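**Student:** Protein chains in written order, with the numbering used here: chain A, 1 to 140; chain B, 1 to 140; chain C, 1 to 140.
Keep in mind that the hints are not guaranteed to be accurate.
Since copy identity is lost for identical chains, a pair holds within one copy or between any two.
To be verified - For lysine-lysine, the following BS3-like pairs were computed, each having C-alpha atoms within a straight-line distance of at most 30 angstroms:
#1 Lys131 to Lys15
#2 Lys89 to Lys138
#3 Lys131 to Lys108
#4 Lys108 to Lys89
#5 Lys131 to Lys89
Everything labelled a hint here was simulated from the structure, so no lab data went into it.
The structure displayed is predicted, hence computed values, not measured ones.
Given next are the chains, with one letter for each unit.
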Amino acid sequence: MWNSFASNGAILAGKMLIMPMATGFFRQRNGSFANTEDALGAGGIVTLQDDDVERVRRCHRNDMEGIYLHLIISGLYTMTNPEPRLAQKLFGLYTMSRLAHTIVYCWKIRQPARGISWFVGYGIDIYITAKVITHFFKQL
Amino acid sequence: MWNSFASNGAILAGKMLIMPMATGFFRQRNGSFANTEDALGAGGIVTLQDDDVERVRRCHRNDMEGIYLHLIISGLYTMTNPEPRLAQKLFGLYTMSRLAHTIVYCWKIRQPARGISWFVGYGIDIYITAKVITHFFKQL
Amino acid sequence: MWNSFASNGAILAGKMLIMPMATGFFRQRNGSFANTEDALGAGGIVTLQDDDVERVRRCHRNDMEGIYLHLIISGLYTMTNPEPRLAQKLFGLYTMSRLAHTIVYCWKIRQPARGISWFVGYGIDIYITAKVITHFFKQL
Chain A
1 MWNSFASNGA ILAGKMLIMP MATGFFRQRN GSFANTEDAL GAGGIVTLQD
51 DDVERVRRCH RNDMEGIYLH LIISGLYTMT NPEPRLAQKL FGLYTMSRLA
101 HTIVYCWKIR QPARGISWFV GYGIDIYITA KVITHFFKQL
Chain B
1 MWNSFASNGA ILAGKMLIMP MATGFFRQRN GSFANTEDAL GAGGIVTLQD
51 DDVERVRRCH RNDMEGIYLH LIISGLYTMT NPEPRLAQKL FGLYTMSRLA
101 HTIVYCWKIR QPARGISWFV GYGIDIYITA KVITHFFKQL
Chain C
1 MWNSFASNGA ILAGKMLIMP MATGFFRQRN GSFANTEDAL GAGGIVTLQD
51 DDVERVRRCH RNDMEGIYLH LIISGLYTMT NPEPRLAQKL FGLYTMSRLA
101 HTIVYCWKIR QPARGISWFV GYGIDIYITA KVITHFFKQL
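So that you can see chain A by itself, here it is in the shape it has in the complex (with noise of 0.2 angstroms):
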């Protein structure tokens, strides 16, 4: 249970590792930067509307949102003595939720694609949360 966790953890952080790369792409082909240095260097402008840019910044944090809670909430989990298959399927399952989600957001797939692919992952984190919080409150 605890490797399929670290190695769940370890994919989703380097699927979140590919994000300041996307971000970079599309401003360095569109011209489109946040700061003036950034912008004066490459002959860009400073702008904060660029479509493509923004779509991928707010992948991005979708991601902080729900992966750093789902990973440390998952692993207290881990620590609550649960059913390890039970443990890997949620852990898999999450995993599998946000690379569809990443891929339905940065590829503008049409609802309710990206709906359904974040609910997933966002059920599991209400079923894990539910269950550290009534295992570690019996033993206060």
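Please build the complex by placing chains B and C on the supplied structure of chain A, with the hints as guidance.
**Tutor:** Same frame as chain A, now just chains B and C:
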């Protein structure tokens, strides 16, 4: 102390899980979406100016700035052999300050209510971080 | 190695704790606030366009994208039985790169200074994440 850390962490995670629900509620009610594919399906518009939505998002970002940092540094703090009762009180007080902060932020209660609720949690993290730095540097 | 992880983590947390102070300083000095209740009390205006404030906030968001991810993946890395001296050097170099990044960002030092300081930390995280993935997948 570890149980106190874990249960407080789970409550804070649970609190953060409410934020996307609040964002989604105001997006639907006000018809204000960040993505064209979302606005199309729901008959709304694309805007980043909706005050209800942006207020919840600012509160959510403040959670990411504060709560994630707190859980990381508090996790290290539990390994510095602190006085258990003090640690429990700090963890509990932090949780209360963040719950108050969210309520004050989202209900637009006038200052200095939000400033105070925020500062209690911030001060606790300054103290904990200083303790962790001094503890682990002594052992280097 | 664990002491190195913990002390570097605490320094990075301490660095991040300075960011809200910097944001608040510029908000007060320039009278630029994000919330009406804050502007009312301080005699300022509500704006998301203040360049000083937004620069600190971009730097702070970059910290959340980078430092949180680093601490999560580095925590897993300490469990992969890495060569201790290498791990210590990576953790220390990452901390230095992020301290440099903040200074370069907030003082508007011209490119490629920020790009380089950012990329050192990013490259370290690519390496660490790859190591963690290969380690834990072998054990699955």
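**Student:** Now tell me if each hint is right for this structure.
**Tutor:** Hint by hint, here is what the structure shows:
Taking CA atoms no more than 30 angstroms apart as the test, Lys131 paired with Lys15 passes in both settings, with 27 angstroms inside one copy and 15 angstroms between copies. In the homo-oligomer, the alpha carbons of Lys89 and Lys138 lie at most 30 angstroms apart both inside one protomer (25 angstroms) and across protomers (18 angstroms), since each shortest distance falls under that limit. Within a single copy, Lys131 and Lys108 get their C-alpha atoms no closer than 34 angstroms, and across copies no closer than 32 angstroms, so neither meets the 30 angstroms cut-off. Taking the closest pair of Cα atoms, Lys108 and Lys89 come within 30 angstroms of each other only inside a single copy of the chain (28 angstroms); across copies the shortest separation is 41 angstroms, beyond that limit.
In this assembly of identical chains, the alpha carbons of Lys131 and Lys89 lie at most 30 angstroms apart whether taken from the same copy (15 angstroms) or from different copies (23 angstroms).
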